[in-house]
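**Q** Sequence:
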Amino acid sequence: MKIYNTLTRKKEEFVPIEEGKVRMYVCGPTVYNYIHIGNARPMIVFDTVRRYMEYVGYDVNYVSNFTDVDDKIIKKAIEENSTAQEVSQRFIAECKKDMADMNVKPATTHPQATQEIQGMIDMISTLIDKGYAYVVSDGTVYYRTRKFESYGKLSHKNLDDLEAGHRSIGVVGDEKEDDFDFVLWKPKKDGEPYWESPWCQGRPGWHIECSVMSKRYLGDEIDIHAGGEDLIFPHHENEIAQSEAANGVTFSRYWMHNGFLNIDNKKMSKSLGNFFTVREIGEKYDLQVLRFFMLQAHYRSPLNFSAELMEAAKNGLDRILTAASHLKFLEENAKTEELSGDEKEKLQESEKFIQKFKDAMEDDFNTADAISAVFELVKYINQNTNEDSSKEYVEGLYDVLEQLCDVLGIIVAPKEEILDAEIEEMIQARQQARKEKNFAKADEIRDALLAKGIVLEDTREGVKWKRA
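Under this note's numbering, read the sequence shown as residues 4 to 471, first letter to last.
Certain hints may be false.
Stated by the list, open to error - No farther apart than 16 Å at their CA atoms in a straight line, the calculated lysine to aspartate or glutamate pairs in the EDC-like style are these: (1) Lys467 x Glu286; (2) Lys75 x Glu89; (3) Lys455 x Glu89.
Stated by the list, open to error - Here are the computed distance ranges between Cβ atoms for each label pair: (4) Lys382 x Asn441: 37 to 45 Å; (5) Asp372 x Gly60: 20 to 28 Å; (6) Lys156 x Glu286: 40 to 48 Å; (7) Pro305 x Lys331: 51 to 59 Å; (8) Arg437 x Phe278: 51 to 59 Å; (9) Lys382 x Glu82: 29 to 37 Å.
Hint data in this document are derived by calculation from the structure and do not stem from the laboratory.
Ideal Cβ positions, reconstructed from N, Cα and C, are used throughout, including at glycine.
Could you put the whole structure together from the sequences, leaning on the hints where they help?
**A** Next comes the structure, spelled out in structure tokens:
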């Protein structure tokens, strides 16, 4: 299995630290709003990497965090006359719903920054003791970037050529030794959440959070660290500096980064009006379509999102689901049970598509080529099955198709049909729950309907529904 390592800029054979086990950390979202489709790409991509690792037999410890203390969260809380904790907890729950709808498996652990403060204080203290960090008069703690000799090895940037002013630099003050020193701990401002520390009442810098959560749940050295390419610098570069200075060992052996997502060939931004949340896409499409769309390009390539491309992805996914549905129909109506000699050979021949699929995934998780192998299998199924096919034969073909789609996180099993009367009954129960302000139950009912392929739309005229 070969993985493109951002650190070395080349594909390398994957060799885990511990045989048969993978320790993997993926940077998660800052939870101040619904996740957007840019957030969705690393979630889907690295969930698929995890699924393939598990498919070939690895025991994967997969950690993905929620950043639940941040300026954006605090700003949202002030706007809503709420608290940062209430905002973050609400959007963690919403994020988990979107992840479930995209069939992203829950992480082994989903740590939250605010629950790991003591670990951050401990690591910052270690960095101070080792001379990699220093405290200024207001209690701010900075990391001495130039003391870490290999700073820039991930982003391949020379420190002397870099400009200050990135998110990592934090507050520039007269007491800062160097413009490139970044904040590990900062003093509280009025109305902000804060924690007690040896330096001041305050909160951690952004970068220290992931270093500490990775260390706690995966150990000092991990196999794979992943995220969007926008995190290479400064976030991941600073994580390396912190972790390796504190722990004295290589932080991560392999660094994986997915490419950017553009909308109609433009960068996604609220100012351009081309900003889409996953929830908004889910109102138009089953989110399996979004997942399938994301996997049709290699994860390191830039990906362009458009209505036309989503429609093409929907049609492609429908081809696969139709083949699966047809196999189920043939299975239920099969005239014979056991394989014929000819069918046995054809079933064995279908295994070549498994090998093609694996070859693609072993080559830096090339999901585009893996999907091509699935389409070849679908064509083979369509050409080599009919009403005379045995039950055992069509079951065997279905198992091959389902197995490959499961690695991609594509669900081929048909959704359970639900009658109109049942839908109306559930909508009434949801409305009653909302009247009683039992919003958790209302959301539960909405999600149960969505799982059955029913999309709800709340309008002034009442609740409308449609089959996805």
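**Q** State for each hint whether it applies.
**A** Tested hints:
| no. | hint | in the structure |
| --- | --- | --- |
| 1 | Lys467 x Glu286 | holds (12 Å) |
| 2 | Lys75 x Glu89 | holds (13 Å) |
| 3 | Lys455 x Glu89 | violated (30 Å) |
| 4 | Lys382 x Asn441: 37 to 45 Å | violated (49 Å) |
| 5 | Asp372 x Gly60: 20 to 28 Å | holds (22 Å) |
| 6 | Lys156 x Glu286: 40 to 48 Å | holds (44 Å) |
| 7 | Pro305 x Lys331: 51 to 59 Å | violated (38 Å) |
| 8 | Arg437 x Phe278: 51 to 59 Å | violated (28 Å) |
| 9 | Lys382 x Glu82: 29 to 37 Å | violated (53 Å) |
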